[in-house]
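A.B. asks: Listed here are the chains, written in short residue letters.
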Amino acid sequence: MVRIALIGAGKMGISHLSILGAHPEVEIVGVCDTSKMVVDVLKNYSGYNCYSDYEKMVDETQPDAVIVAVPTKYHFKMVKDLLLKNIHVFAEKPFCLNPIESQELTEMAKQKGLVNQVGYHNKFVGTFKEVKKLVKGGHIGEVTHFLGEAYGPVVIKKKSDTWRSDPSEGGGCLMDYASHVIDLINDIVSPIDKCKGSILKSIYSKSVDDSVYALVSIESGVSGVISVNWSDETYRKMSTSVTIIGTEGKIVSDANELKVYFKSKTPPQGYSRGWNVKYVTELADEVNFYLRGEEYSSQLDHFIKSVQGKAENSINTFESAWKTDHSIHLIKKQSLA
Amino acid sequence: MERIIFGDNQFFAVNHISDEKSRAQSIKFKDDAAIIKTLDIAREAGVNTFMCTTHDRIANICNIIRSNPEKYQDFKIYPCMPYAHKYANAVTDLGIAGTLKQYVPGNFFGSMFKGGMAYLSKDYLSIMELLIDAEMKMFTGINTPVIFLQNVITDLLLGLGMTDFLVGYAKYIEKKYNAEAGFITMNLPKLLDVLEKGGIKNPIICASINKANFRMSGGKELYEKTISEGRCRLIAMQVLGGGAIPASEALEYVSNLPNVESILFGASSRQNIENTVQTINFHDEKKVQQLAIA
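One line per chain: the protein sequences are A and B, in this order. Per the UniProt record's numbering, residue 1 is the first one in the first sequence, and the count goes up by one each step. Per the UniProt record's numbering, residue 1 is the first one in the second sequence, and the count goes up by one each step.
For the record, the hints were derived by calculation from the structure and aren't laboratory data. Glycine included, each C-beta is placed from N, C-alpha and C at the ideal position. Hints may contain errors.
Residues from chain B that keep clear of chain A, each with C-beta distances beyond 10 Å, as calculated [as the list claims (entries may be wrong)]:
(1) F12
(2) E224
(3) S228
(4) R233
(5) G242
Pairs of lysine-lysine residues, derived as BS3-like cross-links and limited to a Cα-Cα distance of at most 27 Å, are as follows [said to hold, decoys possible]:
(6) B:K86 / A:K158
(7) B:K101 / A:K73
(8) A:K11 / A:K73
Facing chain A, from chain B, some residues (calculated, C-beta under 10 Å) [as the list claims (entries may be wrong)]:
(9) S22
(10) F165
(11) N213
(12) F282
(13) K286
(14) V288
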């Protein structure tokens, strides 16, 4: 059994807690949150050991691993504290408010040999996994351009502020929403390391961006466009997609449907020349417990297996999240230029 | 429950395999009249039960049904609550407490917060009851013999080990609405065990059941074993496996499973609706004939 504690029982934290609660190889040893109501419900109905002070929780419960699902501005201090105590960490995204902090945590986790993972769940989505395989396998030739998009209905009118609308807490469309698609591009193609132009626009929010449009490139010079808007109510829920254009083909994929065009007469196995369509139904991993999508269960399962030494801690590492923080930082900096 | 139940995903742009299709659906069903027209086609094909989420637009559909009592005399609705995205988006925006403040009717919640008192455990069940009442308001005067809890809530509570809420839900639905409680889940074997332990025998459960092993947590084999034991009244949903298998093959599989009381499906066109109903009827009749011969 892996002994796990959770810090932050908000939307993501509760979802993780439910998936972990159903996991046959996990024992939830403690839950920490600042909301008295949330703690009360979890204590009375789930029977969890609940705390309002995470340091006290960690000292008393001695977990093998901790899930950190609090606003990003608290990640650096909490994760650092946990690593110092030799505890494996799964942190929510985005990782840190600036890449210097992410780098420090990355090096520390590496040096201590601790399992480290960040919650960019798209990497566990069947279609996106397949996109990566096709790109890395060279099946669409040399990548010449990419487009990363995400749209959804988070802020669709002027209203009260929460931490998501506070830039100093990691709020805003770039940090919260665009980070997913930037991380995905970084993984599928290569980390975005230049930003040639970017616009961060507020639409309804007072103090943060509601949309992000950026012209970027990767180390090899390949160009790309990032287009993200969380104030688009024509989407029922968040929709993330990537388009990758190569010399031998083109891929258009979202979380449900992968469309790929092969120019060559010798496409990879299972595909044919011209357009091919595959659905997540045939690409998704089977999970033991399903809550909001296979990927949420798969990412936690991967973390637990890594802690147990049954899987290699290679997906969504602190290092990859640090590179994503760096790409985010470049886009933000360019928008101010 | 009727053998065939009509679902509502197509009306609200819920498509598990294609964002493009879901946009086309949201254009097609922009007007309530288009929804009513499709429901009428389903009724003509012999499907008189509509299982739908408590989406704002269902309130309009309920108004139309209420104002045509003769036409919809035998029509039944199985509400499924809550419309999860409403709450999910609200939680992103307002946090958990803020969302409850917004959606729990009256001052009940506000006064609880202000008091800072030690909450008795039954208060949270009362909050759930208030939320149920708020969701059920739109169905006043409509025949709703089974009322479902959506899978995202059922499964969230299941994972959190909050059996009290699942049992409390069932008890309240029976008491207040004189209806049967139903549970939608993506984790049929686990849910059934937990409900039975909570004292709910032979519950109504709606689960993803298909030949493609799509959204059947724990795997198809475990599902087939659980289904064969006949411990619950089952509605099979996502029978087409999100479109992964040909419809005829998919329907043949699910029609021939033992202990599946009802099959839930949704479709937009007259042709698809009629074909689906005919295919299920065909397999059912074949089964009866085979039994008669045996």
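A.B. asks: Can the hint on F282 (chain B) be confirmed by a CB-to-CB distance to chain A that is less than 10 Å?
C.D. replies: violated, 25 Å
A.B. asks: Restraint: V288 (chain B) near chain A, CB-CB cut 10 Å. Satisfied or not?
C.D. replies: Constraint on V288 (chain B) not satisfied, violated at 32 Å.
A.B. asks: Just to be careful, I want the Cα atoms of K101 (chain B) and K73 (chain A) compared with a cutoff of 27 Å; is the pair within it?
C.D. replies: holds, 26 Å
A.B. asks: Below or equal to 27 Å on CA atoms is what counts here, so check K11 (chain A) against K73 (chain A).
C.D. replies: holds, 17 Å
A.B. asks: Given S22 (chain B) as an interface hint, is the shortest Cβ-Cβ distance to chain A below 10 Å?
C.D. replies: holds, 7 Å
A.B. asks: A closest beta-carbon separation below 10 Å is what the hint needs, so does K286 (chain B) meet it against chain A?
C.D. replies: K286 (chain B) check fails; min Cβ-Cβ to chain A is 27 Å, beyond 10 Å.
A.B. asks: Tell me if N213 (chain B) is really an interface residue toward chain A, meaning its C-beta lies closer than 10 Å to one of theirs.
C.D. replies: Where the cut-off is 10 Å and the nearest Cβ of chain A is about 7 Å from N213 (chain B), the hint holds.
A.B. asks: Answer holds if the nearest beta-carbon of chain A is closer than 10 Å to that of F165 (chain B); otherwise answer violated.
C.D. replies: The hint holds - F165 (chain B) has a Cβ within 10 Å of chain A, the shortest such distance being about 7 Å.
A.B. asks: Between K86 (chain B) and K158 (chain A), is the straight-line Cα distance small enough, at 27 Å or below?
C.D. replies: holds, 17 Å
A.B. asks: Please verify that the nearest CB of chain A lies beyond 10 Å from E224 (chain B)'s CB.
C.D. replies: At roughly 14 Å from the nearest Cβ of chain A, E224 (chain B) sits farther out than 10 Å, so the non-interface label holds.
A.B. asks: Would you assess whether F12 (chain B), listed as outside the interface, keeps its beta-carbon beyond 10 Å of every beta-carbon in chain A?
C.D. replies: violated, 7 Å
A.B. asks: Closest CB-CB distance from G242 (chain B) to chain A, is it above 10 Å?
C.D. replies: violated, 4 Å
This entry does not satisfy hints 1, 5, 12, 13, 14, going by the numbered hints stated previously.
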